[in-house]
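**Student:** Protein chains in written order, with our numbering: chain F, 3 to 448; chain Y, 238 to 669.
Where hints are given, some of them may not hold.
Stated by the list, open to error - Covered stretches of chain Y (in silico footprint by chain F; criterion: 3 or more residues with CB under 8 Å from a CB of chain F, positions within the stretch not fixed): (1) 310-323; (2) 610-623.
Stated by the list, open to error - If you want a taste of the chain F side facing chain Y, the calculated C-beta under 8 Å gives, among others: (3) H148; (4) G150; (5) R176.
The hints are simulated quantities; they were obtained by calculation from the structure and are not laboratory data.
Virtual Cβ for every residue (Gly too), placed ideally from N, Cα, C.
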Amino acid sequence: MTYIPTTGAAHPAPVPDPNPDPATRAPSTSEPATSEPATSAQAPAPSRECPACGTANPAESSFCEACGADLVVAARAATGTPPAAPPSDGTVLASATPLTAPAGEESPLDVGWTGAVPSSAVVPAEDELTCHACGQGRIVDGYCDHCGTPPPNPRDHLVESPTAWVGGVCDIGRRHARNEDAMSLSAAEAPGSRAVLVVCDGVSMATDSHIASLAAAKAARAVLDQPFPRGVGTPDAWAAGAARALTSAVAQANEAVAAAVVEDVPNPPSCTFAAAVVEDDVIVAGNVGDSRVYWLPDAAEEPASQLGRDDSFAQEQMAAGVPRLEAETGPHAHSITRWLGRDAPDNLTPHLTTVTATAGWLMVCSDGLWNYCSEAEALRSLLHDTAARLDDVTPTTVAQALVDFANEQGGRDNITVALARLAGRGSSTTEATASAAPVEGDPTDG
Amino acid sequence: MADFTAEVFQNEFLPDGGTDVHAIVRVTSSGASATAASAASAGLTDPGSAAEVILIDTSGSMGRRGVQAAGEAAKAALAEIVDGTLFSIVSGNGTAQIVYPYSHQGALVPMSAHTRGEANRAIEGLRANGGTAMGTWLTLARQIFETVPYVTKRHAILLTDGVNEGETPASLQAAVASCVGAFQCDCRGVGDQWRVDEVRGIASALLGTVDLIPAPEEMAAEFEAMMRASMSRGVANSELRVWVPQGAELLFVKQVSPTLEDLTSRRTVVNPLTGAYPTGAWSDESRDYHVAVRLPARTLGQEQLAARVQFSLGGDPVAQALVKAKWSNDDSLTTRIDPAVAAYTGQAELATVIQEGLAAKAAGQDDVATAKLGRAVQLADATGNDEMTTRLKKVVDIDDADTGTVRLKKGASKIDEMSLDTASTKTSRVRR
Numbered sequence: 003m004t005y006i007p008t009t010g011a012a013h014p015a016p017v018p019d020p021n022p023d024p025a026t027r028a029p030s031t032s033e034p035a036t037s038e039p040a041t042s043a044q045a046p047a048p049s050r051e052c053p054a055c056g057t058a059n060p061a062e063s064s065f066c067e068a069c070g071a072d073l074v075v076a077a078r079a080a081t082g083t084p085p086a087a088p089p090s091d092g093t094v095l096a097s098a099t100p101l102t103a104p105a106g107e108e109s110p111l112d113v114g115w116t117g118a119v120p121s122s123a124v125v126p127a128e129d130e131l132t133c134h135a136c137g138q139g140r141i142v143d144g145y146c147d148h149c150g151t152p153p154p155n156p157r158d159h160l161v162e163s164p165t166a167w168v169g170g171v172c173d174i175g176r177r178h179a180r181n182e183d184a185m186s187l188s189a190a191e192a193p194g195s196r197a198v199l200v201v202c203d204g205v206s207m208a209t210d211s212h213i214a215s216l217a218a219a220k221a222a223r224a225v226l227d228q229p230f231p232r233g234v235g236t237p238d239a240w241a242a243g244a245a246r247a248l249t250s251a252v253a254q255a256n257e258a259v260a261a262a263v264v265e266d267v268p269n270p271p272s273c274t275f276a277a278a279v280v281e282d283d284v285i286v287a288g289n290v291g292d293s294r295v296y297w298l299p300d301a302a303e304e305p306a307s308q309l310g311r312d313d314s315f316a317q318e319q320m321a322a323g324v325p326r327l328e329a330e331t332g333p334h335a336h337s338i339t340r341w342l343g344r345d346a347p348d349n350l351t352p353h354l355t356t357v358t359a360t361a362g363w364l365m366v367c368s369d370g371l372w373n374y375c376s377e378a379e380a381l382r383s384l385l386h387d388t389a390a391r392l393d394d395v396t397p398t399t400v401a402q403a404l405v406d407f408a409n410e411q412g413g414r415d416n417i418t419v420a421l422a423r424l425a426g427r428g429s430s431t432t433e434a435t436a437s438a439a440p441v442e443g444d445p446t447d448g
Numbered sequence: 238m239a240d241f242t243a244e245v246f247q248n249e250f251l252p253d254g255g256t257d258v259h260a261i262v263r264v265t266s267s268g269a270s271a272t273a274a275s276a277a278s279a280g281l282t283d284p285g286s287a288a289e290v291i292l293i294d295t296s297g298s299m300g301r302r303g304v305q306a307a308g309e310a311a312k313a314a315l316a317e318i319v320d321g322t323l324f325s326i327v328s329g330n331g332t333a334q335i336v337y338p339y340s341h342q343g344a345l346v347p348m349s350a351h352t353r354g355e356a357n358r359a360i361e362g363l364r365a366n367g368g369t370a371m372g373t374w375l376t377l378a379r380q381i382f383e384t385v386p387y388v389t390k391r392h393a394i395l396l397t398d399g400v401n402e403g404e405t406p407a408s409l410q411a412a413v414a415s416c417v418g419a420f421q422c423d424c425r426g427v428g429d430q431w432r433v434d435e436v437r438g439i440a441s442a443l444l445g446t447v448d449l450i451p452a453p454e455e456m457a458a459e460f461e462a463m464m465r466a467s468m469s470r471g472v473a474n475s476e477l478r479v480w481v482p483q484g485a486e487l488l489f490v491k492q493v494s495p496t497l498e499d500l501t502s503r504r505t506v507v508n509p510l511t512g513a514y515p516t517g518a519w520s521d522e523s524r525d526y527h528v529a530v531r532l533p534a535r536t537l538g539q540e541q542l543a544a545r546v547q548f549s550l551g552g553d554p555v556a557q558a559l560v561k562a563k564w565s566n567d568d569s570l571t572t573r574i575d576p577a578v579a580a581y582t583g584q585a586e587l588a589t590v591i592q593e594g595l596a597a598k599a600a601g602q603d604d605v606a607t608a609k610l611g612r613a614v615q616l617a618d619a620t621g622n623d624e625m626t627t628r629l630k631k632v633v634d635i636d637d638a639d640t641g642t643v644r645l646k647k648g649a650s651k652i653d654e655m656s657l658d659t660a661s662t663k664t665s666r667v668r669r
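Just chain F, same shape as in the assembly (with noise of 0.2 Å):
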């Protein structure tokens, strides 16, 4: 890591509060705060607000006072349009339009500021301001003015539960200084009707990784979010529905990261894909790079299996037959073959692999976990004594505790993992014609 001089005009911007819990939250101490959180949109005129924390900025602002934000930017996307709260559903949004200063510029958004953060809705300004640590001082220049304690970024510790049976953790871990995960889940209601789980690992060489990895996440699962074409109606026609699906997916994706960033950079921004569908208790999986999905069934006698393989290094290593340990500790093990980005190979077609889902855990994950836990069966394994520690089994329960495993192991990288407990085919309406071992279907195999 190289050092860079700060001098006191840049500073990290301070970034929203992820969970505001009004319950836990010490009384603020301050003065009457400088606007009225949410209401500025009958603000007097010569006012402009924040998009990111709400708060009423002079006219001639260039920057939010409270929380740092690029108010010219910000202003120049709205063009004109009274600056909206950002939507509670957690919607793709910004994404799209990645907030990134020109190449060369430090800019306050790079910090962590990746788009809004689905739960950070409306957020009271003078709550931005009161320090989270201990309750007396107030963020000044992305600093508590009393304890020196920065306000957590919001980027560095991501929870989904979209619905009972699914939820992630996406955790910046213990020794990167960035989170460059990111994940992207969406469920509904029923279990094993229909779920989308997408998790990209952004490259750490590249820069603004962590825009890339999370515009990625969401432009893939906006894609996924679609029914998969069921065509004549045969398993083999919604199959293929379902792999054109999650091509596209990755498609968008890439597109998504190549526009993180705005100028050339001679480090574009790139990340690896990994993604699982479940339609009515069928999983179709796709990955490219070595982001993984995993089907781990409850039935001992039913194996545990990676779905797809990694584009690694590490892997063409096993192909040539060096065990698993050693080809996946080894010096280039990190070493991915595809990715997405500006400078992706020209295929990027995802290993596609087809399962019938019985009772068990669908999950998927970066290297942050299974560089502590490769191997399916002893994931499995870990799953289960994990979950049997739990009182409250829950996706994102089990997601945090095997989070927080990989970090009592050294949480040497940003670690992701994103779950869905599936029942089992009895409540389908389907057929059951697929087997319940994997099937893959591997175009890009040759």
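With chain F fixed as given, assemble chain Y onto it according to the hints.
**Tutor:** Frame of chain F, contents of chain Y only:
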């Protein structure tokens, strides 16, 4: 108006359980000299903006030749004072007297062709006589400055040639203490009969420089340079403000460039977490400060603001640098020592061992002196400080610079020791 910038050099990464954060904060001003120059080119400096007092030693030890040379030096300094600047000339021995302006004109007069001529003639009348009591000179200077409370930039030049014998050390100390914050004072010692630590104490407390003038003839050039430097300073009333978080301990604040100056004890409280340290007047220049903070260790991966260093003018912050701490178990990050911190830490140790070595030598503790000066030779050699090595060579014979093996030089001249002593606090600036 002058512009100030602040930048920080540090390694913010701390190992597991690490507590101490060191940072070099570089404050750079631009446009400060222009502020001074534009006032000067306007023909007349606003009489409210600056005041100068020249304090000349006229004790008996100066002799006729010494006083005459000092007079020439004072005239050279007067020639540099910009028209409109208030000024006064004081002669000092056992007591202090205003030589110019004449008593009916008050304590200070604005510089003009006329007053400069009168002052030059008044200087001709100086005679060597009596003892040395620098405390009385400083006290008079303070009283002179107190007649113009509205003047923000106040500067004095003190010239001495001997030991302060006319008063007790305590009364000198009390006089110096009463002058802190009242004016800045650059001090110069001529010859080898004065004591470096005594004069350095005055200069240091009054935010000035100290140096040795080997012979009376060299005084004029030195005075001219000192006064020119003072005239170029366009910004006064500045201070460094250092905030540390609740629970943290500010270990020290030192100026490390251009000279070493420990500011820690000069703290004035701004609020419970913030202290202010006076930095005197500024021309276009760059100064480096070493700030060390001790924090309670946090868990790995956590981040904390360790210090906020602000440069403020008249109480308003004009530049700021943030010193950070991040706990990491990545040895490649935490074991690196910032080159600027390392270089200035070495230079501070060099200054300390030189001063301690010379003091031990003066006290007759030759073994201590040999060890300390040996360490100084080793440090100067290791850091490539050739200027200091050259000065050390005049005081010790070097057997092996690597190991710091030296012998005290027989018959080293007093003036060489003193010049080594005064030069010890001058640091070479670390480049980035």
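**Student:** Give a verdict on every hint.
**Tutor:** Status of each hint after checking the structure:
Residue count for the region 310-323 of chain Y with a Cβ under 8 Å from a Cβ of chain F: 0. That is fewer than the three needed, and the coverage hint is violated. Evaluation of the coverage hint for the region 610-623 of chain Y: breached, as 0 residues show C-beta separations to chain F shorter than 8 Å, against a requirement of three. Interface hint status for F/H148: upheld, as the beta-carbon distance to the closest one in chain Y is roughly 5 Å, under 8 Å. The restraint placing F/G150 at the interface with chain Y holds, with a minimum CB-CB distance near 3 Å, inside the 8 Å limit.
With 8 Å as the threshold, the beta carbon of F/R176 comes within range of chain Y, its nearest partner Cβ sitting at about 5 Å, so the hint holds.
Checked against the numbered hints above, the structure violates hints 1 and 2; every other hint is satisfied.
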